[in-house]
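Engineer: Line by line, the protein sequences are chains A and B.
Reading the first sequence from the start, the letters are residues 1 to 705 in the UniProt record's numbering.
Reading the second sequence from the start, the letters are residues 1 to 305 in the UniProt record's numbering.
Keep in mind that the hints were calculated from the coordinates and are not lab data.
Every value quoted in this text rests on a predicted model; they were computed, and no experiment measured them.
Glycine is no exception: its CB is placed at the ideal position from the N, C-alpha and C atoms.
Some hints here could point you the wrong way.
A few chain B residues that face chain A, going by a derived Cβ cut-off under 8 Å, partial list only [stated by the list, open to error]:
1) ARG24
2) VAL159
3) GLU193
4) GLU204
5) THR207
6) ASP267
7) ALA268
The calculated lysine to aspartate or glutamate pairs, modelled on DMTMM-like cross-linking and capped at a C-alpha distance of 20 Å, are [said to hold, decoys possible]:
8) LYS13(B) - GLU21(A)
9) LYS300(B) - GLU481(A)
10) LYS445(A) - ASP206(B)
11) LYS482(A) - GLU204(B)
12) LYS463(A) - ASP298(B)
13) LYS300(B) - GLU21(A)
14) LYS300(B) - GLU493(A)
15) LYS13(B) - ASP510(A)
16) LYS470(A) - GLU454(A)
17) LYS482(A) - GLU493(A)
On the chain B side, residues computed to face chain A include the following (Cβ under 7 Å) [said to hold, decoys possible]:
18) LYS13
19) ALA114
20) GLY136
21) ARG139
22) ALA143
23) GLU197
24) ALA198
25) VAL200
26) ASP206
27) PHE211
28) PRO216
29) ASN259
30) GLN260
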Amino acid sequence: MTTTDSLLAVDDLRTQFRTEEGIVTAVNDVSFALDHGEVMGIVGESGAGKSVTAKSIMRLIRYPGEIVSGSITFDGQDLLALSEKEMRSVRGNKITLIPQDPMTALNPVLTVGQQIIETIQLHQNVGESEAREIAIEAMEDVEIPDPASRIDEYPHEFSGGMRQRVLIAIGLACEPDLIIADEPTTALDVTTQAKILELLNDLREKRGVSILMITHNLGVVAQTCDRVGVMYAGNLVETGRVADIFEQPRHPYTRTLIDAIPAVDSDRNRLYALGGSMPDLQALPDGCNFADRCPHAIEACRSGSDPALEPVAGAPGGTEAACIRADELDLSEPAVEEGVERRHRETHTEPLLEVNGLEKHFSAGDGLFGNLSLARTDGGSLTLERRYVKAVDGVSFTINRGETVGLVGESGCGKSTVARTVMQLLEPTGGEVYFDGHPLHELGKREIRSLRQEMQIIFQDPKSSLNPRKTVGQIIGRGMEKHDIATGNEKRERIEELLERVGLQASDIDKYPHQFSGGQQQRIAIANALAVEPELIVCDEPVSALDVSVQAQILNLLDDIQDEFGLSYLFISHNISVVRHLCDRVAVMYLGKIAEFGSVDDVFDPPYHPYTESLLSAVPHADPAQMSDRILLEGTVPSPLDPPSGCPFHTRCPKKIGDVCETDEPLPEAVGDESTHQISCHLSVEEMSEPVTDRPVAGSKVEES
Amino acid sequence: MSTSRFTLTEERKAHYGRFIRQFRRNQKAMIGLVIIVALFFVAIFAQKITIFDMTIQPFSLTPHEPEATNIQNREESPSLQHLMGTDDLGRDIFSRVLVGARISLYVGFTSISAAMVMGTTIGVVAGYYQGLIDEGLMRAMDAMMSFPPILLALTIVAVLEPSLNNVIIALALVYTPFIARVARSAALSVRNESFVEAAVARGESDTYIIFREVLPNCVGPLLVQASINIAFTMLLEASLSFLGLGVQPPTPSWGLMINQGWAFMGDAPWLVFFPALAIAIAVIGFNLLGDGLRDVLDPKGEIIE
Numbered sequence: 001m002t003t004t005d006s007l008l009a010v011d012d013l014r015t016q017f018r019t020e021e022g023i024v025t026a027v028n029d030v031s032f033a034l035d036h037g038e039v040m041g042i043v044g045e046s047g048a049g050k051s052v053t054a055k056s057i058m059r060l061i062r063y064p065g066e067i068v069s070g071s072i073t074f075d076g077q078d079l080l081a082l083s084e085k086e087m088r089s090v091r092g093n094k095i096t097l098i099p100q101d102p103m104t105a106l107n108p109v110l111t112v113g114q115q116i117i118e119t120i121q122l123h124q125n126v127g128e129s130e131a132r133e134i135a136i137e138a139m140e141d142v143e144i145p146d147p148a149s150r151i152d153e154y155p156h157e158f159s160g161g162m163r164q165r166v167l168i169a170i171g172l173a174c175e176p177d178l179i180i181a182d183e184p185t186t187a188l189d190v191t192t193q194a195k196i197l198e199l200l201n202d203l204r205e206k207r208g209v210s211i212l213m214i215t216h217n218l219g220v221v222a223q224t225c226d227r228v229g230v231m232y233a234g235n236l237v238e239t240g241r242v243a244d245i246f247e248q249p250r251h252p253y254t255r256t257l258i259d260a261i262p263a264v265d266s267d268r269n270r271l272y273a274l275g276g277s278m279p280d281l282q283a284l285p286d287g288c289n290f291a292d293r294c295p296h297a298i299e300a301c302r303s304g305s306d307p308a309l310e311p312v313a314g315a316p317g318g319t320e321a322a323c324i325r326a327d328e329l330d331l332s333e334p335a336v337e338e339g340v341e342r343r344h345r346e347t348h349t350e351p352l353l354e355v356n357g358l359e360k361h362f363s364a365g366d367g368l369f370g371n372l373s374l375a376r377t378d379g380g381s382l383t384l385e386r387r388y389v390k391a392v393d394g395v396s397f398t399i400n401r402g403e404t405v406g407l408v409g410e411s412g413c414g415k416s417t418v419a420r421t422v423m424q425l426l427e428p429t430g431g432e433v434y435f436d437g438h439p440l441h442e443l444g445k446r447e448i449r450s451l452r453q454e455m456q457i458i459f460q461d462p463k464s465s466l467n468p469r470k471t472v473g474q475i476i477g478r479g480m481e482k483h484d485i486a487t488g489n490e491k492r493e494r495i496e497e498l499l500e501r502v503g504l505q506a507s508d509i510d511k512y513p514h515q516f517s518g519g520q521q522q523r524i525a526i527a528n529a530l531a532v533e534p535e536l537i538v539c540d541e542p543v544s545a546l547d548v549s550v551q552a553q554i555l556n557l558l559d560d561i562q563d564e565f566g567l568s569y570l571f572i573s574h575n576i577s578v579v580r581h582l583c584d585r586v587a588v589m590y591l592g593k594i595a596e597f598g599s600v601d602d603v604f605d606p607p608y609h610p611y612t613e614s615l616l617s618a619v620p621h622a623d624p625a626q627m628s629d630r631i632l633l634e635g636t637v638p639s640p641l642d643p644p645s646g647c648p649f650h651t652r653c654p655k656k657i658g659d660v661c662e663t664d665e666p667l668p669e670a671v672g673d674e675s676t677h678q679i680s681c682h683l684s685v686e687e688m689s690e691p692v693t694d695r696p697v698a699g700s701k702v703e704e705s
Numbered sequence: 001m002s003t004s005r006f007t008l009t010e011e012r013k014a015h016y017g018r019f020i021r022q023f024r025r026n027q028k029a030m031i032g033l034v035i036i037v038a039l040f041f042v043a044i045f046a047q048k049i050t051i052f053d054m055t056i057q058p059f060s061l062t063p064h065e066p067e068a069t070n071i072q073n074r075e076e077s078p079s080l081q082h083l084m085g086t087d088d089l090g091r092d093i094f095s096r097v098l099v100g101a102r103i104s105l106y107v108g109f110t111s112i113s114a115a116m117v118m119g120t121t122i123g124v125v126a127g128y129y130q131g132l133i134d135e136g137l138m139r140a141m142d143a144m145m146s147f148p149p150i151l152l153a154l155t156i157v158a159v160l161e162p163s164l165n166n167v168i169i170a171l172a173l174v175y176t177p178f179i180a181r182v183a184r185s186a187a188l189s190v191r192n193e194s195f196v197e198a199a200v201a202r203g204e205s206d207t208y209i210i211f212r213e214v215l216p217n218c219v220g221p222l223l224v225q226a227s228i229n230i231a232f233t234m235l236l237e238a239s240l241s242f243l244g245l246g247v248q249p250p251t252p253s254w255g256l257m258i259n260q261g262w263a264f265m266g267d268a269p270w271l272v273f274f275p276a277l278a279i280a281i282a283v284i285g286f287n288l289l290g291d292g293l294r295d296v297l298d299p300k301g302e303i304i305e
């Protein structure tokens, strides 16, 4: 399949790791080719072998890993035949890697300039000053403002998105032919992600550089790639043009991946959740690796060897799938689970949780004196003042019985602090919290402790939320004992029932948390929350750490148990699609304040508040046909240590109308007749509905809505 | 209630059953345990087994008195009569090493146990609460650590009046800060795990969270720290005894024997070698046991046969 004109050709690549338990084949005979100027995506869930493939191409596999067989031809050169020294002149020069986490990928004690110049001088025969010029140029290319002065700054002076740009600048500095981007936007906020993706698209158009995009996010693939390869358990199971694959996937796994994503503009249909999990790479089943989870598997799938990637009859050119039934299956329609009714949104009226003007300020700095700082007041005299991070600054909302309220916003906007303050895990600085009529902000420690039974929390990282030294039974049982719900045999029976209810087995009761996968651990955490029969469960990013197919399972589970156990949820997420899928009402947070609060339809369909609008537009659609007009926000989220005056969003708002935004803080105002939809913005609803234009900012007429 | 008691004990039984199974399968722990048990056996029955004068036929039952001096036989090299030779006063070193186990193990084990209890409590509390409590406790620990261990121990014993038990108290206090620091750093990282927050959300008291949720997850580094420090306590005990504040000669302890034999290193190295070997064996034993226990207590290290 290697074509002579392709830039990169990977043939039958096999990479193995030696472990105590035996040999693990992480990449199993993978073949693909990448043309000049092409962007190819490699998608798959964690453990599918995406990153190992990328590292194998750069020959970065270290002991106990080893490239066992296959060939990697880059620009006519066999990379596997090169000596380590020759390979070094390829890495960072011809092929560069953009790592996943911009926060740890830069050396904190060197200026960003030094780090870019280092790469340039390593590969190009240029002097110090010339290298500096090239570095500034590269920073300009990645749209870092004011590169000539910022080049001498240290990484900590850059935001996450800017650091990722620096890393891209390092990657671009030597004008490589191929960029391998390993989850380049996974650690970034959605608005920053949109900008980085835009940048990569621009660079590719301007420079004609090829990009191999490793990601788990099909939305990213749909928005940036020409072709895509889907990986599963070390195999490439499908490749083809992005448009073709989204139109009609040929491999059942691709179909399930697409179906598992809640679409940002869809209603709350039940998600198609793929059962089970990826097979153990050391004990691959006979036949197709995917057969055990495949809804279309037949007898023939479970015998013989894993099917090879082959062209599919009747499919557009270039589409290949590793499925023996690829020719006969029609997977163009989403799989819909039969017999599952769409849940209707109901109106809930009886309030369970009321939050009024909640505030939480953290002292900036450690210790007694850490938050003191010298400040020059208006008069010009120096004064000592205490500084506070206003993580939550006047937040009000209500949750009714049986309702799911979403809290959405970018990282650092205070979502998690709201959750913890509402739960009284953190003591609020100000404001009122009423739970079922009880004023939590007035109650003593002991009274709150007895109310804790009614409120439970599910955390983002399931691994960290279960004590590794306790068995599942001990973890779940403790809450039951603590609140006198059940003891002894009754307790054990209940735990077993709960485990079965959340999709685990009764026999799992005596196992330890580390014996479960991430999704199963999250199920245990859910069972643990249910054990004390709470009224309210706060879900703090419960699916962010999970793979997309597992995410769908957990979302469906949360949805199912809501009516059954009469639960209300406060659902915190940075993922708008997930919030939109699960929630009845939603609050959009920005910098410690609520920008907009209302029913999911009112808030998102269509979006009114400029921030909501830009958030929504930044989400990459998992549909290549639907190229959204992204509204790219300028700058970054201001520091909550020193929030902007007036409307907190005015520094980045594309619809800023003038001085009023800078001086007056907009209060939440009801929209239209519905008192349930509140927006904090100086614009009128009509103005908000207008598309973003380059409106003159200075001196424009101030209009109050 | 009766059924609940019953199943609770069943649960406990299953728990201990697992512990014992895992312990048996862990080679390190088993070897360590055998060494330590053997040493304790020696310490308890030392007087009864100091009979190995191979020259008297048939195996004489007249023991060498560990405190009996015999100037004519001073500094004899190891022989069948004196398996480890004799010291500068002609005392049989083998008997003295056996009897010395008593003092050394007693002092080492009790003082480290006490230091563990105090240090762990202080460290875990400091790490859990952070802030002012942390600052206060840890600065106090720093103050204690700023004295050389020997000087601090000396002062404490001098204040309390010299006796073996006061030596143990002094040693426990001296090694508390070392344990506390390890406990604090372990607690600091465990404290940030979500399960601690989940416990607060469940309505647990601070005491429960500190000792039932946080502490079990700090055990690994603590056991290792303790098993290393036990050697230092034995040596420090020797220094104190040497200065006349601990065990008084002629009562033997390993540390004291090393200290006193030091001067004869050139002529009679066995004076130092054998007690040092005994300390080494004890330390290896405690280390293996500590390491093994750490693995046994960690569910992730489960050995399945």
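Engineer: In ascending order, which of the hints set out earlier in this document are inconsistent with the structure?
Structural biologist: Of the numbered hints given earlier, those the structure breaks are 1, 2, 5, 6, 7, 8, 9, 14, 16, 18, 19, 20, 21, 22, 26, 27, 29 and 30, listed in rising order.
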